[in-house]
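Following the hints, position chain B against chain A.
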Amino acid sequence: MKRVPVVQMDGINKWFPGVKANNNINFRVYPGEIHALLGENGAGKSTLASILAGLYRPDSGTIKVKGQPLKLRSPRLALQAGIGMIYQHFRLVNNMTVAENVMLGAKGGIRIRSDRIEQRVRDLSEQFGLAVDPHARISHLSLGEQQRVEILKMLYRGCDILIMDEPTTVLTPQEVKELFHTLRLMADQGKAVVLITHKLSEVMAIADYVTVLRRGEVVGSDHIQNLDEQTLTRMMVAREVIFPEFNRSHQLGPTVLAVSDLSVPNDRGRTAVRRANLELHEGEILAIAGVAGNGQRELVEALAGLRSASSGSIRLRGKEIRHLPIRERSAMGLTFIPEDRLGMGLVPNISVVENAMLRNYRYPENRRGLLLDYRKLEAYTRSLVDRYQVAVANIHHPVNYLSGGNLQKLLLGRELDLNPDVLVAAYPVRGLDVAAAQAVYDLMLEQRQKGTAIMLVLEDLDDIFRLADRVAVMYNGEIKAILNVRETDIDSIGALMLGAQRVGV
Amino acid sequence: MNRLRLVRRNNESWLVKVAVPIASILLAILVGWIFLAVSGYEAAETYRRMIQGAFGSPYAVSETIVKAIPLALTGLAVSIAFRMKLWNIGAEGQLYMGAFAAGGVVLLLGDWPSLPLLTLMLVAGFAAGAIWGLIPGALRAIWNVNETITTLLLNYVAIFWVSYLVFGPWKDPNAMGFPLAPRFPETAYLPAIPGSRVHVGILIAVVVAIILYMVLKYTRWGFEVRVAGESPEAARYAGMNVARNILLVMLVSGGIAGMTGMIEVSGITHRLQQDISANYGYTGIIIAWLARLNPFAILLVAFLFGALLVGGFGVQTFGIPYAIVLMLQGAVLFFLLAGEIMLKYRVTMSRED
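Residue numbers (the numbering used here), protein chains in the order written: chain A, 906 to 1410; chain B, 532 to 884.
No lab work stands behind these hints, which were simulated from the structure alone. Here the structure is a predicted model, which is why all the values come from computation and not from measurement. Cβ coordinates follow ideal geometry from the N, Cα and C atoms, glycine included. Fair warning: there could be bad hints in the mix.
Unchecked claim - From the derived model, a few chain A residues whose C-beta atoms are all more than 12 Å from chain B:
hint : residue
1    : D915
2    : H1186
3    : N1260
4    : D1347
Stated by the list, open to error - Stretch-level coverage of chain A by chain B, calculated; a stretch enters the list once three of its residues show a Cβ under 8 Å from a Cβ in chain B:
hint : stretch
5    : 1245-1259
6    : 1269-1281
Pulled out of the complex, with its shape left as it was, chain A reads as follows (with noise of 0.2 Å):
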C-alpha cells in the first residue's frame, strides 16, 4: 500500500526583512509518525511549523493536507484542517480551570454541557496517558501539566496533526518521559506529531523521521535508522570542509580578558554556566561552540554586564570588572555586539544617524552648548557608512530599511570605531547571506590583527575553522574543553558539543 502524507508542503519561501527564512523547502509528514524539524536557533524551523499551523504565509509554495490543497488562512483553518501547534508560550487562561481552557473557542452549541466536556476530557486524558484534574486551575498547575492541558485542547479540536515547538525545555526529566510516551501513543493511533527541536538526543529518543533545516534550506531528511547523531550534527551545523587557511598563531599574546569560577543564572533564576574558566588573549579569535541553549548567550551577556553573573570573577586587564556597568566596562575597553541587532544593538524606528551616536552622543566634542552638535553628527554617520560599506539610502532615513547585513556593518563599525581591547560578538553572522558574512569574518580578521582579543559566540562549526584561533566548546552550562583550532576536527568539536568526556590534547 503505498502511503500518502498527512503533510505535503513543497517550494514553501518565506522572507522576513533581511532574512530568507524558509528558501524552497518540501516537507512530508506521514500519520503515525513522530516527525523531528531539527535545526540550531534561526534555521528556520519554527517558520515552518508556524506557515503549517496557518500563523504565517508563505511567500510563495504549496500545502496539501490529507491530499487536498489548502490555503491555511489562518490558525482557525489550520486548525479545521486538523492542525494544532503548541508554542513554546502557552496560551491558556491562568485563572480558568482545565475543562474550561480546553473548551475555550472550540465549537459547541449556546450552552455549556460542562458534564460532558468534563467526561470527554476525562477520556482524552486516559487515552493519551495525560494526568490531569479537569477542575484544577491553571494557575495551580505545574508547566508540565500545563502543556497537558494543551495537547488536551488539541486532541479535543480533534487534530491529527500536532506540532509541537521545543516542547522539552519547561520540562523536568520525568515529564519529559511522560510527554514521550503521550506522543508515542498518539503515533500509534495514527495521528502525526512534529517535534520542533535543537536536542539530539531527543530526536534519537523519540523519532521515527528527521529532517534537517540550516539556514532556511532543507539539508536532508531520512528515517532514524539510517542516522546517527554525529551525522545529525554535521548536517545541522556543516556546509563544506575547504577552509582558507589564515596565519594562526603558534603563540598566544598577554591575557587581556580572564575569566574564572564565573556562575551565571537564566532568566528563570536557574544555573545557565557552571564556574567557567577561561582566558582571551590579545590578537587572537576564541570560538564559543555549543548547541543552542548551552550556557553561551549566558555567558557572554555577563562579560558584557547585561546579565549579572551570581560568583566568579571577570578580570580585563587584570582589573575586576564583574560588577562594574555597562557603561564603564565599554570604557574600559569591552565591546559587545549582542545577538539581537536590531532591537538591542540598534534601535528600530530611529534614523541611521542616531544608532550610529549610540556610543559617542555623550563625547564633549559632540555638544555645542547644551545641544547635540547634529552637523558633526551627521558627518561622523557618512564616515562610519562609507568606511565600513553600510548601503544606506538616505542617513535620515531609519535603520529598519536597511537589510540585514548592513545592520550588521552599521553596528560592527559602531563598535569598532571604539578601538575596543576585548570584542565579545553574539552569533555575528546569523541570518546573513554569504557576501555579508565574508565582510563581517573580513573585519573579524582585520581587528584580530590589530590585536584585539575577540570572544565569538557561533553555531556554525565551518566559522569555527575559518576564524577562531581557539575554541571554547560549551555543554549544559559548563565548558568542556579549550582546544586549538589547529589541533582538532570537526568531529571532536562535536562529540564534545554532545556532552562528551573531553578527547585527545
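Leaving out everything else, chain B in the frame of chain A:
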C-alpha cells in the same frame, strides 16, 4: 472572490498624514449630520451655531483659546512620558496638586507683590505636580510597579485632597457655605488680555511646546528618552541609566501638569475650588495621541478640542441637548482614532484563487 485586505504601509507619506485626519473629520461631520437629521434637528443650523460658538466672534475665539490652554499643557505633559512609553494617566491629579500648591502659596504669602508671588506660585505648582509624578515614577523605577494604575489612583487622592481643603480648613467663611477657598488678591491673577479671559498661560503653553521639541530632538537627554521609548533593551545596552530617566521624565511630566493647575486657578477661577479641571488631564491624553506626540501638533489639536468644547456650549442655547453635543464630539474622536489605522495600513483588493 475578491477580498479586502489590510497591508502595512512601508512608509507614511506626507500626503496621507494630512489627508487621513481631514477625511476623518469630514466623515464624523457626515455621521453627525445624519444623526441630527434623524433626530429631527436642523443639522446645517446646528453646525453653523457650533462653528459660530467657537469662532464666530472675538469673544468666541478667546473662549476657545481659554479652553485650549490647559488642554495643550496637559497634552504636552503626558506626551513626554508617552515618548518613553511611560503611561502617565495621572495628569489630572498632578494638575490638582499644582493648583493646591499655588493656592497654598497665595494663602501664606498673599501680600507679596505680583511678580514674585506669581513666580513662586508657578514654581510651587510645578514642584507639587512633579512630586505627584515622581511617586509613581519611583515605584516604577525601583520596584517596577505598573505606573498606569498608580498614576490613575493618585488622581483620586489629589482630587479629594483639594475637596477636603475647600470643604474644610481652607473654606472661605464669606462664601455663604459654598465649598470655595478664599478669592485670590488681584496680585495673584495671571495677566490677561483686557476684556477677555485669555491670559499669559497661552505663552507658557507655546514656550513649553518649543522647549519640549528642542529637548527631545537636540539634547542628549531627549535622545536617551527616545531611545529608551523605542527599545529599552538598546538603552540598557548603550549604558543609559533607564531608572534615572524614568524619574526625570515623570518629574517633568508631572511638573508641567502641576503648572497647568496653577495656571487654571491663577488665570481662570482665581481661587482654589472643586472642578478646576474639566477632565483636562484625561483629554490631554487623547490630544497627545492624536498629535502623535508632536509638541506643535499638540497645540493645534488642543485648539480644535477647545473649539469643540466651546462650540458645544453654543448649540445648547439653541435647544439641542448637551448629550448630542457629546455624541458629536465622540464621533469626531472615533473617526480620528479609526483613521489612525489608515496611516499604518492601506486597503488592497486581492483575488482569491
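Hint by hint, here is what the structure shows:
no., hint, in the structure
1, D915, "16 Å, holds"
2, H1186, "26 Å, holds"
3, N1260, "9 Å, violated"
4, D1347, "25 Å, holds"
5, 1245-1259, "holds (count 10)"
6, 1269-1281, "holds (count 5)"
When the structure is compared with the earlier hints, a violation turns up for hint 3 alone.
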